[in-house]
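First residue of the sequence shown? That's 1 in this note's numbering, and the numbers climb one at a time after it.
These aren't lab readings, by the way, just hints derived from the structure by calculation. A hint or two may mislead.
[Claimed, not checked] With a Cα cut of at most 25 angstroms, we get these calculated DMTMM-like pairs of lysine to aspartate or glutamate:
#1 29 to 6
#2 85 to 54
#3 15 to 26
#4 75 to 56
#5 85 to 52
#6 93 to 56
#7 66 to 52
#8 66 to 54
#9 66 to 84
#10 112 to 101
#11 93 to 105
#12 29 to 3
#13 85 to 97
#14 85 to 56
#15 66 to 56
#16 29 to 13
#17 75 to 52
#18 85 to 101
#19 112 to 97
Note that the coordinates shown come from a computational prediction; the quantities given were computed from them, not determined experimentally.
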Amino acid sequence: MSELNEAVRWLREVKDTQLVTSAPTDVAKQLFEGYGWCFPQLTAITASPVFDADGDLISTPGYHAKSGIFYAPPKGFVLPPIPDKITRDEMLKARHDIMYEVLRDFPFLTPKLTTRVMRRALMRWRCCCCSS
1 MSELNEAVRW LREVKDTQLV TSAPTDVAKQ LFEGYGWCFP QLTAITASPV FDADGDLIST
61 PGYHAKSGIF YAPPKGFVLP PIPDKITRDE MLKARHDIMY EVLRDFPFLT PKLTTRVMRR
121 ALMRWRCCCC SS
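Make a model of the complete structure from these sequences and hints.
Right under this line is the structure:
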């Protein structure tokens, strides 16, 4: 019952005055008994497209039952189409953007760690580009 009182400000009118009160018992019973309601598991709410645990991109607004993720993009947000395969030039541009736009100001603990992260990323991207 305390959750109901924290979530909602309950008021009761006494002689033209509104007094703060606790949730009515009948309301609490209805909510807690649920009348057989069964809510799906909600694991996350996100405002941007994300990958689920299986690596699937969640980019359609709404609830995704398989992952339990609810995707609610900002009003007016439009995700550009994502191709099934990308070209080498697209891969190189993505690598550049991540390295010099996204990670440029990331506060790595040491310059050595920065170098190691960048080197690993470069090797993976190089392998991806070379195999196509």
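Do the alpha carbons of residue 66 and residue 54 lie within 25 angstroms of each other, as the hint requires?
holds (10 angstroms)
Would you check the hint for residue 29 and residue 6, treating anything up to 25 angstroms between C-alpha atoms as holding?
holds (16 angstroms)
Is the hinted pair residue 75 and residue 52 satisfied, with a Cα-Cα distance of at most 25 angstroms?
holds (23 angstroms)
For the pair we were handed, residue 75 and residue 56, check the Cα-Cα distance against 25 angstroms.
holds (23 angstroms)
Quick one, are residue 66 and residue 56 close enough, alpha carbons at most 25 angstroms?
holds (10 angstroms)
Proposed proximity, residue 3 with residue 29 (alpha carbon, max 25 angstroms)
Distance ~13 angstroms between residue 29 and residue 3 Cα, so the pair holds.
Keeping to a limit of 25 angstroms between CA atoms, is the pair of residue 85 and residue 97 held or broken?
Roughly 18 angstroms between the alpha carbons, so the hint for residue 85 and residue 97 holds.
Holds or violated: are the alpha carbons of residue 66 and residue 52 at most 25 angstroms from each other?
holds (9 angstroms)
Tell me if the straight-line CA distance from residue 112 to residue 97 falls inside 25 angstroms.
holds (21 angstroms)
Between residue 15 and residue 26, is the straight-line Cα distance small enough, at 25 angstroms or below?
holds (23 angstroms)
Is it true that the CA of residue 85 sits at most 25 angstroms from the CA of residue 54?
The hint holds at about 19 angstroms.
Against the 25 angstroms threshold, does the CA-CA distance of residue 85 and residue 52 hold or violate the hint?
Holds, at about 20 angstroms.
The structure agrees with every numbered hint stated previously.
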